[in-house]
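Trainee: Read top to bottom, the protein sequences are chains E and Y. Residue numbering for the first sequence follows this note's numbering, starting at 1 and increasing by one per position. Residue numbering for the second sequence follows this note's numbering, starting at 1 and increasing by one per position.
Quick caveat, the hints were computed from the structure, so don't treat them as lab data. Treat the hints with caution; some may be incorrect.
[Said to hold, decoys possible] Dumping the calculated DMTMM-like pairs for lysine to aspartate or glutamate here, alpha-carbon to alpha-carbon at most 25 Å:
no.	chain 1	residue 1	chain 2	residue 2
1	Y	K200	E	D262
2	Y	K199	E	E120
3	E	K115	E	D290
4	Y	K193	E	D290
5	E	K200	Y	D419
6	Y	K7	E	D262
7	E	K199	Y	E120
8	E	K115	Y	D419
[What the hints assert, rightly or not] Not close to chain Y: a few residues of chain E, all C-beta gaps over 10 Å, as computed:
no.	residue
9	S38
10	Q116
11	L180
12	K200
13	F203
14	H244
15	E329
16	Y403
17	L413
None of the values given here were measured: they were computed from a predicted structure. All residues carry an ideal CB built from backbone N, CA and C; glycine is no exception.
2 protein chains.
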Amino acid sequence: MTVVSVKQALAGGTAAADQEVTVRGWVRTLRESKGGLSFVNVSDGSCFAPIQVVATADLSNYETEVKHLSAGAGVIATGKLVPSQGKGQAFEIQATKLEVTGFVENPLTYPIQPKQHSMEFLREVAHLRPRTNLFGAVTRVRHTMMTAIHRILTEQGFFWINTPIITTSDAEGAGDMFRLSTLDLANLPRDDKGGIDWKKDFFGREAFLTVSGQLNVEGYAMAMSKVYTFGPTFRAENSNTTRHLAEFWMVEPEVAFADLNDIADLAELFLKGIFKAVLDERADDMAFFDERVMPGAIARLENFIAQPFERIDYTDAITILQKSGKKFEHAVAWGVDLQTEHERYLAEEHVGRPVVVMNYPEEIKAFYMRLNDDGKTVAAMDVLAPGIGEIIGGAQREERLDYLDRRMDQFHLDKQTYDWYRDLRRYGTVPHAGFGLGFERLLVYVCGLANIRDAIPYPRAAGSAEF
Amino acid sequence: MTVVSVKQALAGGTAAADQEVTVRGWVRTLRESKGGLSFVNVSDGSCFAPIQVVATADLSNYETEVKHLSAGAGVIATGKLVPSQGKGQAFEIQATKLEVTGFVENPLTYPIQPKQHSMEFLREVAHLRPRTNLFGAVTRVRHTMMTAIHRILTEQGFFWINTPIITTSDAEGAGDMFRLSTLDLANLPRDDKGGIDWKKDFFGREAFLTVSGQLNVEGYAMAMSKVYTFGPTFRAENSNTTRHLAEFWMVEPEVAFADLNDIADLAELFLKGIFKAVLDERADDMAFFDERVMPGAIARLENFIAQPFERIDYTDAITILQKSGKKFEHAVAWGVDLQTEHERYLAEEHVGRPVVVMNYPEEIKAFYMRLNDDGKTVAAMDVLAPGIGEIIGGAQREERLDYLDRRMDQFHLDKQTYDWYRDLRRYGTVPHAGFGLGFERLLVYVCGLANIRDAIPYPRAAGSAEF
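Using the sequences and the hints given, assemble the complete structure.
Mentor: And the structure:
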């Protein structure tokens, strides 16, 4: 007996002629034919398609068990792997044994019926939704994209740095933060001024969840040259929209001796590499998304890969938008931040492919971005993609301590808090640049999902706080 | 001009004869010879060794800049890559240009002098310590181990599941948890009984940081068959020891249709694969650890890989310990949990290689572990390694709902809270098993570090709360 995955069985490759194999999984659909014959489609998550197991009345448990199977039951099927008569699959299994490891209690009320469910309903049964075609496919694509991120960056000589999740500084002021405490909130310790005595808290001071690992990872870039952080990131903004999550994964590469153009090159190589991995390794899942979720999903990725990104200066982008003749909801003028409607116009209508907008006004960008020689823009970039708008934001960092200090004053940041960050400019400073990419937003884009909650494994249910 | 990493330059492979290359990095050490000749060792983090850049008085900035270089300065060196006359390295660069991107302010007080620093001191300058030999090596080994984890599991057909970090359930009661809130603690909202009104908090209920993704990942194992979670995990236990962290990374594979022996096999393949990757890909860094941090570090990994793990039943292990004639600090009797001294005796003295202890008394193990037929042990295992003790803990899960319910009653767990977990037993239950591995503990073992705080990128300093 050779145990194989459904993927291996469907490929037929591992089975010698007439060899018995065993597959293990869950009944996806089943059909009983007349005269003691059942067709049981078994899925184990290894690929999109289930394998058909043909069970006959010859099986010793045919009447007692096989006939009582329903969608969702756990089974172990052993039999000969033979070319299939049915259309759409190359191989099927003629069962000589079909063991049932677990039936479904009350099949009629089992939440995952073999029919279309609303996405809203599936979010409420998040622990069961990986059993659907859609969430099986999302899970596999997610894995391919996440491991591609590591593979691509490793091939380019990057090191993965696990920057701290628990932080005692407000980082870049990038968003509202979650506070962390082990104090008894019903009975808070007080200092002699009547305030909360944070010295009694776990870390002896106030602590929060990180909103970005970028500043920390810069410290490693100043020794290891090419580094990235890739981990969960937290924003306590009202997350009840289809575009934001309180908890999401973010990848942030940071490169020493790099300028804005270098990092735009990296962003292009990076996104194209991830999409190529999905098209190569998850063709079956992408075919499903293309057919059932977002027509054109595959062509969108292929087009993304096929052409070089366009690069436009922010100042030129403003002129293009002003001359477009389009009526935008948000007015366009030099100095405003681009809204999604502007970003999509640039990528979709003006250029027709991904575009990197570079050199934004310094007022609308973070303190650590490098001031350009014009004195009014910083070396920041956003990668805008057709169908979604901004997908990557990056910048060359201000490596000159005197300039950084002026920007920190401008943003009313406490120099003492950031003194370690200023050290990086005191001791062997070098030009450096990096970008940040919210992973779930990219996954939504690849799969054509409408709600970002469907790009994370556990929204709402099953002990997860996300909603 | 071809930009190459120090690693590529030292390998010499990419440079044609007489070709000019450019390396970029930081001065590690330097030496001025008589007669206008400087030897500047430049490191960029790509490998353990720096490359020697030979600078002569012919350089236009020799007097003005090169002679003022000190350890830590940022430089860009261009020149011919030639076989080195010096011992210990194959190639050096004869500089035709040596650009300084950043000097070191006050070289005499620069924290990272080219000398031995105490580990305690380096924890206080965590943002600069990657510039040392030791932490450069730790960073590279960490990267190799972490990416090996993904590669090995991907090759075995596993999918990476990002289980929630923010949770609303107390998981397995595995440890004290950090509470998370966006409420104004100085002014907490009250419910009509005078208690804290959690409905007003961000998620509308109490929220915590996860102590384990295992229960969540089981839901995915029941659809995708082979899955793992690998991410930061949090324990609000007093972490001020050399062995515990408040924030650490944990990998938890979970396999459907697997029993305790299957998961012990996986643990063996997994650990050996990680160590083999380190020995293959980080020979230079391991040579350093072997010479300077823990003599025998390499042999320890080689021995670990060379032999099959031993397997011992817990009950037999107790007998072995009792008959050992050793005086243990903690008394040995059937029913007690093994202490590190017991674990190390078994692995180091009794067996002399890694040993898997299996089938522990049910009273000392978690509620989700599968009760054995003897009614008094559960299908749990610990992998014990010479030199450290327990390194992996795992179990077959209780897949029978009636048994699980009895265990939950025994542990006074609320069935309503875990109803989603019970669903996994109601709907197509299958045997399954998994294990958990604390990543930093493994890194400490590989590198021979004495304190786990040296296995994380940012302890204490630079905005990290860890200490």
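Trainee: Indicate, hint by hint, whether the structure satisfies it.
Mentor: Verification of the supplied hints:
At most 25 Å may separate the alpha-carbon atoms for a hinted pair to count; Y/K200 and E/D262 exceed this at roughly 46 Å. At roughly 22 Å between alpha-carbon atoms, Y/K199 and E/E120 fall within 25 Å of each other, so this suggested pair holds. For a cut-off of 25 Å, the pair hint linking E/K115 to E/D290 stands: about 19 Å separates their Cα positions. At most 25 Å may separate the alpha-carbon atoms for a hinted pair to count; Y/K193 and E/D290 exceed this at roughly 54 Å.
Taking the CA atoms of E/K200 and Y/D419, the gap is near 36 Å; set against the 25 Å cutoff, the hint is violated. A distance of roughly 21 Å separates the Cα atoms of Y/K7 and E/D262; the hinted pair therefore holds under the 25 Å criterion. With a CA separation close to 22 Å, the supplied pair E/K199 and Y/E120 stays within the 25 Å bound. Between E/K115 and Y/D419, the direct Cα distance comes to roughly 24 Å. Compliance with the 25 Å bound is thereby established for this hinted pair.
The beta carbon of E/S38 sits about 17 Å from the closest Cβ of chain Y, which is more than 10 Å, so the claim that it is off the interface holds. E/Q116, annotated as away from the interface, keeps every beta carbon of chain Y farther than 10 Å; the closest lies near 18 Å. Residue placement check: E/L180 does not keep its beta carbon more than 10 Å from all beta carbons of chain Y (closest about 5 Å). Taking the minimum C-beta to C-beta distance to chain Y, about 13 Å, the non-interface status of E/K200 holds against the 10 Å cut.
Here E/F203 does not stay apart from chain Y, with its beta-carbon only about 4 Å from theirs, under the 10 Å limit. At the 10 Å boundary, the C-beta of E/H244 stays outside the reach of chain Y, the nearest C-beta of that chain being 13 Å off. Residue-level check passed: E/E329 sits 29 Å from the nearest beta carbon of chain Y, beyond 10 Å. The claim that E/Y403 is not at the interface with chain Y holds, since no C-beta of that chain comes within 10 Å of its own (minimum 13 Å).
No Cβ of chain Y comes within 10 Å of the Cβ of E/L413; the nearest lies about 13 Å off, and the non-interface call holds.
The structure does not agree with the numbered hints 1, 4, 5, 11 and 13 stated previously, though it agrees with the rest.
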